[in-house]
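Engineer: Each chain, written out:
Protein chains: 2
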Amino acid sequence: MQVWKDYQAQHKDRFLNELLELLRIPSVSADSRHNEDTKRCAEAVKQRLEEAGAEKVEVCPTAGHPIVYGEKIIDPSFPTVLVYGHYDVQPPDPLDLWTSPPFEPVIKDGKIFARGACDDKGQFYMHVKAFETMIKTNTLPCNVKFMIEGEEEVGSNNLGIFLDSNKERLKADVVLISDTSMISLDTPSIDTGLRGLAYMEVGVTGPNRDLHSGVYGGAVANPATILAKMIASLHDENNHVTIPGFYDGVQELSAAERKKLNEAPFDEAEYKKDLGVEELWGEKGYTTIERTGIRPTLEVNGIWGGYTGEGAKTVLPSKAFAKISMRLVPGQDWVKISDLFKAHFEKIAPKSVKVTVTAHHGGSPYVTPTDHLAFKAASQAITETFGKEPIPVRGGGSIPIVALFEKVLGLKTVLMGFGLDSDNLHSPNEKYDLANFYKGIETIPYFHQYFAEGSKK
Amino acid sequence: MQVWKDYQAQHKDRFLNELLELLRIPSVSADSRHNEDTKRCAEAVKQRLEEAGAEKVEVCPTAGHPIVYGEKIIDPSFPTVLVYGHYDVQPPDPLDLWTSPPFEPVIKDGKIFARGACDDKGQFYMHVKAFETMIKTNTLPCNVKFMIEGEEEVGSNNLGIFLDSNKERLKADVVLISDTSMISLDTPSIDTGLRGLAYMEVGVTGPNRDLHSGVYGGAVANPATILAKMIASLHDENNHVTIPGFYDGVQELSAAERKKLNEAPFDEAEYKKDLGVEELWGEKGYTTIERTGIRPTLEVNGIWGGYTGEGAKTVLPSKAFAKISMRLVPGQDWVKISDLFKAHFEKIAPKSVKVTVTAHHGGSPYVTPTDHLAFKAASQAITETFGKEPIPVRGGGSIPIVALFEKVLGLKTVLMGFGLDSDNLHSPNEKYDLANFYKGIETIPYFHQYFAEGSKK
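Read top to bottom, the protein sequences are chains L and P. For this note's numbering, add 1031 to where a residue sits in the first sequence, where the first one is 1. For this note's numbering, add 1031 to where a residue sits in the second sequence, where the first one is 1.
Each hint should be verified, as a subset may be incorrect.
Remember, identical chains collapse to one label, so a pair may be satisfied in a single copy or spanning two.
As a list, the in silico EDC-like pairs of lysine to aspartate or glutamate whose alpha-carbon atoms are at most 20 Å apart [unchecked claim]:
| no. | residue 1 | residue 2 |
| --- | --- | --- |
| 1 | K1142 | E1473 |
| 2 | K1202 | D1106 |
| 3 | K1382 | D1267 |
| 4 | K1043 | E1473 |
| 5 | K1087 | E1283 |
Bear in mind the hints are in silico, worked out from the structure with no lab data behind them. Quick caveat, the model's predicted, so the values are computed rather than measured.
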């Protein structure tokens, strides 16, 4: 609509500056040293929502980081869209690999570089600005509710409780989320599925103290060596996960579905070049698109033990640790998988060590029905502004709460993401293209329009 | 001798306080942030040697940390003992496991707790005080030279050059070192051998940047997983090291020698209880005494990669690292073993990652001839003050320079150590029993006496 175009053209720069301000707040939910920043970020989101025209805006406390809620009910008989996003971000380390400080956003070659630029501040903020556009131009065609949380990067542990105790307030017809990516601006796509997650932390203890590797070396189990052996055993020679029962219930796609999935553009040479690897690695019998989309995986996210400082220390460490997470697909339950992992890891530990296994958090996988009215509205909206119909793809990432929305609120979710896989989510130099940011703001109002129209039919 | 007893009884407390002063200097050679402390420690040692009666005392600069030299030549025709020790210490981490600050020595239950209390400040200082005793009572029976270095804990990289360029000054009949342990005060022992050392650092690089484990998980080799698999493969199911050629030339002991070796008192239940482990672990076919004494070993001293902070970060790391060291026995050359390790580690790396292998430092193994005059003198001295003949045992630790003394100076070394395996060398809460400290000061003059007498025959 021309009024939208005009309004957005007029306020373009302010939209960007407001986002940069949000990006300057180091709202790292995983690191308690940033609790004050996270709180400050929630307050900033509240203010932005009010300025945009939302009502009953509130910073709702939880046992962890607060959830920001706001709404605009133009007519209770109209359809309602619940917009979900998160203002918390991943830890920025390793800091030394950033070309500019993670919380001092800079714009280079038409990209915003900062932690959270794409995941998810840059993306949820598109919704705030699209909402503002419709409000200020008196064109909002449906009711909108915002729920912006602060614990997505640490498993949304308190969101479930919040949903349970706010069912009335959160009543809606669909959940709309921009926290995923598309193939490219030239090849728009919509994620129709997300992998689930089970995140574990393991500890292996050998001797009760660090030992002199000369005096005791060779006579006592070395926890770092044992941990290495245990991790090594979690994949077989075909890179299948060896945890008994891990694949039970995994929904295999039909040959036709796999064929369609593999039609999405993918250039292996380009992929390898971008990652700087000579060879890809993964589960035998599946393509890269399948390995990252429809297959469950197990990855070591971190490992540490013994002396890791400068120079040499001839120590036989007392303890070694690892963070290990599994991506899950439809048919797998994250609680069951966490239990299977724990039981297996404890079982394979030799008697010469003690192991501890703790589940950090997790979430169930999710698949969007492509025949859902809201999915069609998203598809139409993107076709409108991109001039191309988006390709449905399976995303490898996880937004644990999507399954929760269905379970607690009975709501389907549409994942209308505008990021790119090359945005370095969770990595140094995270970025978000200005073009994608503005394209998102331009597209979202059309979603509301088509969804409202469709609902009336 | 009574005069010795009297003098030492009279100055007992001062001896201890002087040691505590040395222990307050954090001379951590591996950590460049402590370079100034290390220098300060060398100056303190110089001053102590002069006060004790040494002459031509000098802090000799090297490419690394300085070496302190001093001597007392009573008669060039008399035999000369070269006393070696080191004033540098291991890094104190993990700091949080110390019950008192590592560089603020405290005395509890008759033990000195501090980094370096036993290794090696407490032990080399016994020699300074024993020397003082003989000087002040005009009973020094031979010439004594001191060489106290500052790089033992980082491989004595500059000692070889120093020996080479100071052959004349270092001329002696034997090297005497207290940097090892004995079974107990009730069961005195002397190390007749030391293991060599080859210390390596490895790095494994997968993708050129940290990746989102959801977007890329399952499609790219995870360097932490690959490193784990590579480390796991370095021992077979019998805990033999799998590096081709690793055992080539290893001198096997005769059945008789092994029998004698295993006669040393060893209580497995006590050993396990002390370490808090349910089961011991090691190379099949060998006893614990053999595993730590006459067999080569491979230990992971440190491992790190990915996210190791608080909470969860769903990252697929770009790099993972490990510090791996091997203890070597007679017949193994540390340079050759370092090369074998490098070649093997590079060979087993899958094409999906890049590996780097660097040799930190190393040293050759050494065996003391028990028929050597100086060994007999040490044995006699201990018998004199302990009332029991010491048991000859094979030590598992490494003092790389011992082999160097033989190669460059043509000198045999006697390892008259007064520490205990329970002294937590290289671990938190390192300690040295006051009883051992004083017993050493009491014993050392007898070594000089018997060695001088024996040499005259």
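Engineer: Does each hint hold? Answer for all of them.
Structural biologist: Hint check results:
1. When the C-alpha separation of K1142 and E1473 is checked against a cutoff of 20 Å, the pair qualifies only within one copy, where the shortest distance is 18 Å, while the shortest distance between copies is 74 Å.
2. Taking identical chains as interchangeable, the C-alpha atoms of K1202 and D1106 lie at most 20 Å apart only when both belong to the same chain, with a minimum of 14 Å there against 100 Å between chains.
3. Proximity of K1382 and D1267 under a CA criterion of 20 Å is satisfied inter-copy only: 17 Å between copies versus 23 Å inside one chain copy.
4. In this assembly of identical chains, K1043 and E1473 lie within 20 Å of each other by CA distance solely inside one copy; the values are 11 Å within and 85 Å between copies.
5. For the identical chains of this complex, K1087 and E1283 are neighbours neither inside a copy (45 Å) nor across copies (82 Å), given an alpha-carbon limit of 20 Å.
In this structure, the one hint that does not hold is number 5.
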